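Protein chains: 4
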Amino acid sequence: MADCCRHKQRSAEEIKALKTRLNKIEGQIRGINKMIDDDRYCVDVLMQVSSVQSALNAFNKVLLSSHIRSCVVDDIKNGNEDAVDELCELLQKTMK
Amino acid sequence: MADCCRHKQRSAEEIKALKTRLNKIEGQIRGINKMIDDDRYCVDVLMQVSSVQSALNAFNKVLLSSHIRSCVVDDIKNGNEDAVDELCELLQKTMK
Amino acid sequence: MADCCRHKQRSAEEIKALKTRLNKIEGQIRGINKMIDDDRYCVDVLMQVSSVQSALNAFNKVLLSSHIRSCVVDDIKNGNEDAVDELCELLQKTMK
Amino acid sequence: MADCCRHKQRSAEEIKALKTRLNKIEGQIRGINKMIDDDRYCVDVLMQVSSVQSALNAFNKVLLSSHIRSCVVDDIKNGNEDAVDELCELLQKTMK
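Protein chains in written order, with my numbering: chain G, 1266 to 1361; chain F, 1266 to 1361; chain R, 1266 to 1361; chain V, 1266 to 1361.
Hints are computed from structural coordinates only; laboratory data are not their basis.
Just so we're clear, the structure is a prediction, and the values are computed from it rather than from any experiment.
One or more of the hints may lead you astray.
As the list claims (entries may be wrong) - DMTMM-like, lysine to aspartate or glutamate: derived pairs with alpha carbons at most 25 Å apart: (1) V:LYS1326 with V:GLU1291; (2) V:LYS1361 with F:GLU1278; (3) V:LYS1284 with R:ASP1304; (4) V:LYS1273 with G:ASP1347; (5) F:LYS1284 with G:ASP1304; (6) V:LYS1342 with G:ASP1340; (7) R:LYS1326 with F:GLU1354; (8) G:LYS1284 with V:GLU1354; (9) F:LYS1289 with G:ASP1303; (10) R:LYS1281 with V:ASP1303; (11) G:LYS1342 with V:GLU1351; (12) G:LYS1361 with V:GLU1354; (13) R:LYS1361 with G:GLU1351; (14) V:LYS1326 with R:ASP1302; (15) G:LYS1358 with V:ASP1302; (16) R:LYS1273 with V:ASP1302; (17) F:LYS1273 with R:ASP1304; (18) V:LYS1361 with G:GLU1351; (19) V:LYS1326 with R:GLU1291; (20) V:LYS1361 with G:GLU1279; (21) F:LYS1281 with G:ASP1303; (22) F:LYS1299 with G:ASP1309; (23) V:LYS1326 with R:GLU1279; (24) V:LYS1361 with F:GLU1354; (25) R:LYS1273 with F:ASP1350; (26) R:LYS1326 with V:ASP1302; (27) V:LYS1299 with R:GLU1346; (28) G:LYS1358 with V:GLU1354; (29) F:LYS1326 with G:ASP1304; (30) R:LYS1342 with V:GLU1279; (31) F:LYS1281 with R:GLU1354; (32) V:LYS1281 with R:GLU1351; (33) R:LYS1299 with V:GLU1291; (34) G:LYS1273 with F:ASP1309; (35) F:LYS1342 with R:ASP1302; (36) F:LYS1284 with G:ASP1309; (37) G:LYS1289 with F:ASP1303.
Claimed, not checked - Cβ pair distances, simulated, as ranges: (38) R:ASP1304 with G:ARG1334: 52 to 58 Å; (39) G:VAL1338 with F:LYS1326: 33 to 39 Å; (40) F:SER1319 with R:ASP1350: 21 to 27 Å.
Just so you know, even glycine gets a beta-carbon here, dropped at the ideal spot from N, CA and C.
Extracted from the complex, chain G is given alone in its bound form (with noise of 0.2 Å):
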């Protein structure tokens, strides 16, 4: 691992229900693209982009709550705001 980055260790079984959620995206992504080889109609084309659009919010909500139960608590109680303010920014940027 370089040292130019942050980092977390998480656990083997919350690193594999991430990747499990990752890797359902991805081949998502791939049907698209295989929608669109095919000429399909665009309305079912858009019904499969809403739905990785729901299961990427969802990868985004298990990670948030994972984040602000761990590194978010820990560095409050080692006396740490930095994880707040970054939270925060975070939220600013990420809510619509």
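Given the coordinates of chain G, work out where chains F, R and V should sit on it, guided by the hints.
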């Protein structure tokens, strides 16, 4: 092509543009998967997820505009307003 | 009515339905304002904000569907596709 | 103040800032109501709705950040992680 599915003929140019977007999104998803393998920090992963959501949203808008300008307009001109019902239903389901 | 603005004739029933929704939303906003006066807990206020966002979103979808079914369809039938350009622009601006 | 509700003491400055935002949003909703009375064109109404959604979203972010920086941080420091569970639940419900 199976008879079960509705189709739409797109120009070679449009197909290429749509597939370029999807290939990029697929690469981004693989990149996030690798970030999980590399134990990367949650906030850095979440920023990448946000970037994929924007890219999917842009894909969605491009395809939706093309759908309205071609399928929906053509159907209305042909006196068939099914595409209008379907568009309204699609927007009901997908607008958050 | 001023000449500067574009207009649309809506049925008395549609106007009533739209205004009922807006009056309810205005009441909800006043309710949130009162919650701030009463020093109510953040999470309880935020849940109310979420409820207003859903109500506004529902208003948006009702008006957008009505717009597509009337203005957009009529313009296309009259050989004027300006409403199509405008609809696509609106969706570009408002879909998140 | 009733015993039934949870409360939070906010500074006079924060209360004023929150109420200024809410008063502006309430005025915008009344403005949209007037646009319906005046038979204004759908797209012009929809652009105003989009502007209110942005204003509500900004209010939401301001209050959420304040909540995290005060209630959530204080609870964690006091060894009470209920606010963490509640924050995660709130984000689950409200992030689209």
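Outcome of the hint check:
1. Of the pairs offered as hints, the one joining V:LYS1326 and V:GLU1291 holds, with about 18 Å between alpha carbons and a cut-off of 25 Å not exceeded.
2. Between V:LYS1361 and F:GLU1278 the alpha-carbon distance is near 33 Å, which puts this suggested pair outside the 25 Å criterion.
3. A hinted pair counts as satisfied when its Cα atoms are at most 25 Å apart, and V:LYS1284 with R:ASP1304 qualifies at roughly 12 Å.
4. Only pairs whose Cα atoms come within 25 Å are accepted, and V:LYS1273 paired with G:ASP1347 is accepted, the gap being roughly 24 Å.
5. Proposed proximity of F:LYS1284 and G:ASP1304 is supported: the alpha carbons are some 12 Å apart, at most 25 Å.
6. Straight-line distance between C-alpha atoms of V:LYS1342 and G:ASP1340 comes to about 10 Å, which keeps the hinted pair within the 25 Å bound.
7. Distance restraint check for R:LYS1326 and F:GLU1354: the Cα-Cα separation of roughly 10 Å lies within the 25 Å cut-off, and the hinted pair is therefore satisfied.
8. Note on G:LYS1284 and V:GLU1354: the hinted pairing holds, with a Cα-Cα distance of about 23 Å set against a maximum of 25 Å.
9. At most 25 Å may separate the alpha-carbon atoms for a hinted pair to count; F:LYS1289 and G:ASP1303 meet this at roughly 19 Å.
10. Taken as a hint, the R:LYS1281 and V:ASP1303 pair is honoured in the structure, with Cα atoms around 13 Å apart against an allowance of 25 Å.
11. Taken as a hint, the G:LYS1342 and V:GLU1351 pair is honoured in the structure, with Cα atoms around 18 Å apart against an allowance of 25 Å.
12. With a C-alpha separation of about 18 Å, the suggested pairing of G:LYS1361 with V:GLU1354 holds against the 25 Å cut-off.
13. Annotation: proposed proximity of R:LYS1361 to G:GLU1351 holds, straight-line Cα distance about 23 Å (limit 25 Å).
14. A distance of roughly 19 Å separates the Cα atoms of V:LYS1326 and R:ASP1302; the hinted pair therefore holds under the 25 Å criterion.
15. Restraint check for G:LYS1358 and V:ASP1302: the C-alpha separation of about 37 Å exceeds 25 Å, so the hint is violated.
16. Restraint check for R:LYS1273 and V:ASP1302: the C-alpha separation of about 11 Å stays at or below 25 Å, so the hint holds.
17. For the hint pairing F:LYS1273 with R:ASP1304, the CA-to-CA distance comes to about 57 Å; that exceeds 25 Å, so the pair is violated.
18. For the suggested pair V:LYS1361 and G:GLU1351, the alpha carbons sit about 20 Å apart, so the restraint of at most 25 Å is met.
19. Of the pairs offered as hints, the one joining V:LYS1326 and R:GLU1291 holds, with about 20 Å between alpha carbons and a cut-off of 25 Å not exceeded.
20. Taking the CA atoms of V:LYS1361 and G:GLU1279, the gap is about 23 Å. The hint holds against a cut of 25 Å.
21. Only pairs whose Cα atoms come within 25 Å are accepted, and F:LYS1281 paired with G:ASP1303 is accepted, the gap being roughly 13 Å.
22. At most 25 Å may separate the alpha-carbon atoms for a hinted pair to count; F:LYS1299 and G:ASP1309 exceed this at roughly 30 Å.
23. At roughly 34 Å between alpha-carbon atoms, V:LYS1326 and R:GLU1279 are farther apart than 25 Å, so this suggested pair is violated.
24. Proximity of V:LYS1361 to F:GLU1354 is assessed by CA-CA distance (about 19 Å); at most 25 Å being required, the pair is judged to hold.
25. Taken as a hint, the R:LYS1273 and F:ASP1350 pair is honoured in the structure, with Cα atoms around 21 Å apart against an allowance of 25 Å.
26. Between R:LYS1326 and V:ASP1302, the direct Cα distance comes to roughly 19 Å. Compliance with the 25 Å bound is thereby established for this hinted pair.
27. A hinted pair counts as satisfied when its Cα atoms are at most 25 Å apart, and V:LYS1299 with R:GLU1346 does not qualify at roughly 28 Å.
28. Restraint check for G:LYS1358 and V:GLU1354: satisfied, since their Cα atoms lie roughly 20 Å apart, inside the 25 Å limit.
29. A distance of roughly 18 Å separates the Cα atoms of F:LYS1326 and G:ASP1304; the hinted pair therefore holds under the 25 Å criterion.
30. Pair hint R:LYS1342 plus V:GLU1279 does not hold up; C-alpha atoms about 53 Å apart against a cutoff of 25 Å.
31. The straight-line distance between the Cα atoms of F:LYS1281 and R:GLU1354 is roughly 23 Å, inside the 25 Å bound, and the hint therefore holds.
32. Straight-line distance between C-alpha atoms of V:LYS1281 and R:GLU1351 comes to about 39 Å, which puts the hinted pair past the 25 Å bound.
33. For the proposed pair R:LYS1299 and V:GLU1291, the alpha carbon gap of about 13 Å is at most 25 Å, so the pair holds.
34. With a C-alpha separation of about 10 Å, the suggested pairing of G:LYS1273 with F:ASP1309 holds against the 25 Å cut-off.
35. Between F:LYS1342 and R:ASP1302, the direct Cα distance comes to roughly 55 Å. Violation of the 25 Å bound is thereby established for this hinted pair.
36. Taken as a hint, the F:LYS1284 and G:ASP1309 pair is honoured in the structure, with Cα atoms around 16 Å apart against an allowance of 25 Å.
37. About 19 Å separates the Cα atoms of G:LYS1289 and F:ASP1303, which keeps this hinted pair within 25 Å; it holds.
38. The given range of 52 to 58 Å is broken by R:ASP1304 and G:ARG1334, whose C-beta atoms sit roughly 28 Å from each other.
39. Range check, G:VAL1338 to F:LYS1326: about 38 Å between beta-carbon atoms, so the 33 to 39 Å window is met.
40. Distance hint for F:SER1319 and R:ASP1350: a CB-CB separation of about 24 Å, consistent with the stated range 21 to 27 Å.
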